[in-house]
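Novice: All chains, full assembly: derive it from the sequences and hints.
Under the working numbering, the residue at position 310 of the sequence shown is numbered 484, and the numbers go up by one with no gaps.
Heads up, some of the hints might be wrong.
As the list claims (entries may be wrong) - Label-pair ranges, simulated between beta-carbon atoms:
(1) Val879 - Gln734: 40 to 48 Å
(2) Glu809 - Ser370: 34 to 42 Å
(3) Leu649 - Ala561: 46 to 54 Å
(4) His771 - Pro655: 26 to 34 Å
(5) Tyr226 - Ser653: 15 to 23 Å
(6) Pro541 - Pro655: 25 to 33 Å
(7) Ala212 - Glu866: 47 to 55 Å
(8) His333 - Leu290: 51 to 59 Å
Keep in mind the hints are simulated off the structure, nothing from the lab. Ideal Cβ placement from N, Cα and C applies to all residues, glycine included.
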Amino acid sequence: MKLPEDYLQRVYAGVLGKIIGVYIGRPFEGWTYERVSAELGEVRGYVNEHFYAPLIVTDDDITGTFTFVRALADHGFDANLSARQIGQSWLNYLIENKTILWWSGMGNSTEHTAYLRLKHGIPAPRSGSAELNGKVVAEQIGAQIFIDGWAMVCPGDPHRAVYFAGEAARVSHDGEAVYAAQLLAAMEALAFVEPSLERLQDEGLRMIPADSVIARLTRELRDRREKEPDWRKTRAWLDEHYGYRRFGGNVHVVPNHGLIQLSLLYGGDDFNETMMIVNSSGWDTDCNAGNVGCLLGIKNGLACFEGGGVDWRGPVADRLYLPTADGGRAISDAAREALEIANMGRRLANLPVLRPKGGARFHFELPGSLQGFSAEDGTTLSLRNAAGNSRLGKRSLELAFQHTVAGQVSRAGTPVFIPALETKHYFENPGYQLLASPAVYPGQTLTALISADEGNAGKVEAGLYLRYYDCNDDLCLVSGPSAWLMAGEAVEITWKLDDRTMTPIAWVGVEARSAVALEGKLYLDALGWQGSADVEFVHGEGSGEMRRAAWVDGLDQGVQPWDQEHLRLVQNEGRGLVIQGAQEWQDYRVCADVTPHLAKAAGLAARVQGMRRYYALLLCEGQKARLVKVRDDEETVLAQADFDWQFGEMASMCLEVKGHSLQAAVDGRLLFSVEDSEAPLECGAVGLVVEEGRTATCQVRVSPVG
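Specialist: This is the structure in structure tokens:
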């Protein structure tokens, strides 16, 4: 593949289009056209406030799209990536009944059905086959929903996009669902280099069976567009000939694919008009609007979100949630996900990856990007992405403040964990929980590059701050290092987070203070963090709900609150984990007290990359201690020894990972020291493990190693 010069920016527009479309359609997902017309009229903007709901939501359409494509990285960017490998990534990132999917049961939810097949040893593509699951179940909408990422890693290469789309779709779907996904993937991949919608459809149709229902429907819609200028009449025709009454199941792909093509044909290549049509038409509004938004974002770039009287980007500020077994990735933004996808595409094209501003987590290099930053007080501070004022790149985040009295402080921050207790509670009810771990921890060092505008009339104190949840779930403010800046001056501020108890950290940001009443500007060039975590997770006074919430719950019975224990883990069948930390962690030591009350195996884990990728030190039945590596479908025993352990007796366990070396100790006794050089796990979070039983832990300690 030869990548377009503006590849990253076009991917960013595609990601924005996807999440904006989902946020528009999510509140009235599943409504009929008649109900939408009666209660909302033409949908020409966000309607979440009509439903007293937040705009930024957890949603399967977003999480699945940006999670399943990670199978590429997990399997070495294999150009021949298979459905079986993508199915392995499903099992790694999904937590049953909690993340990504609509968990409504075998034969009712297509994706849940496929997950159960995978879980019980039936690999993809058989896991999603019509032969096994029936035609109706296999042809629901899910494969189409999750397809955008596979197209965006193949810019200008519809053939490769169709291949990836087919392999990904067949993990859970078959038949017409696969063809719909492949047609959209071909159109989106080609949209990087082809501006004509007709040609996008033509090329996509050549890549699916001409006698398929999806191909026939698309051709008939094109014919009707030539004869009928009113999209409402064509929508009525679609309902009559290809509507839900013609197809079985809950959300069949054919009617909804029809609405996608209809809105594109009648939308006049205008984002506002196309969004109005696809959402006002009803049915699976968030799914359809997400696919349409992604395609138009890729095709027309960031300019498609401008004009028309709707502020699409401002309320979103790039924010999105990705709750999976990789909790440190859960609080994300469109710029970050765009960079991840673009770098996958670059790897496939044998090009070096991009690291804007040296790999800073927040770099603001994409036009208009806020990366989740918002002003704590919008009356004294406003934010915008601005060209210039960057030592490391071309753009920065402008903080324009208005201080009316001396000593006034303005703050702009971004969430790095669940931003509020109320947010956590809201997402416990609608169906998709917000499982997350913090992205920043004590022991690490924050670094920010900040400059003062040349037009400032006085000096400004610029500094860093964070907010963390204490043991009573109160958000505590901590101000970090700062520096006084004269007009035009710049400074690099570093802050070593030394307080081990300052966790979970929920927000990081920049604060501005002026010595006198002052109106001025600061520019945040970049903000990031590095280093190893040095942190304690302990039982303490107070409810500590958010401290427990920082552990991603990968147990079928769940973490049980208990006054005397930080964590009580209960797993009924198989092996479960609770996980905390970030994928970027590499070399460290994790220690914990583990009391197995009743368990087939219990212990702790390091370099956890999900439910099926980790190292673990386990006390196992038969009076054994084992050091194991779990990688997808394979568990390897790296070392084993006899060890006398008893139910109800606490064991002090430590596992150290450094490079390819692992050392494991129990009760101060070094049991294992091994090298793992064959497909090693290079990085990941920490975890506690229980297999078929119950354990308790009061303290977990993570510390750096030299």
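Novice: Using the C-beta atoms of His333 and Leu290, is the stated range 51 to 59 Å upheld?
Specialist: 33 Å, violated
Novice: Taking 25 to 33 Å as the stated bounds, is the beta-carbon spacing between Pro541 and Pro655 within them?
Specialist: 30 Å, holds
Novice: Please check whether Val879 and Gln734 have a Cβ separation lying inside 40 to 48 Å.
Specialist: Violated - the Cβ-Cβ distance for Val879 and Gln734, about 32 Å, lies outside 40 to 48 Å.
Novice: Within 46 to 54 Å: is that where the Cβ-Cβ distance between Leu649 and Ala561 falls?
Specialist: Taking Cβ atoms as reference, Leu649 and Ala561 lie about 34 Å apart, which means the hint is violated.
Novice: Note whether the CB distance of Glu809 and Ser370 lies within 34 to 42 Å or breaks it.
Specialist: Hint violated: Cβ distance 51 Å, outside 34 to 42 Å.
Novice: Does the hinted range 47 to 55 Å hold for Ala212 and Glu866 at CB?
Specialist: 52 Å, holds
Novice: Does the hinted range 26 to 34 Å hold for His771 and Pro655 at CB?
Specialist: 46 Å, violated
Novice: Between Tyr226 and Ser653, is the Cβ distance one that fits in 15 to 23 Å?
Specialist: With a Cβ separation near 34 Å, Tyr226 and Ser653 fall outside 15 to 23 Å, so the hint is violated.
When each numbered hint is compared with the structure, violations occur for hints 1, 2, 3, 4, 5 and 8.
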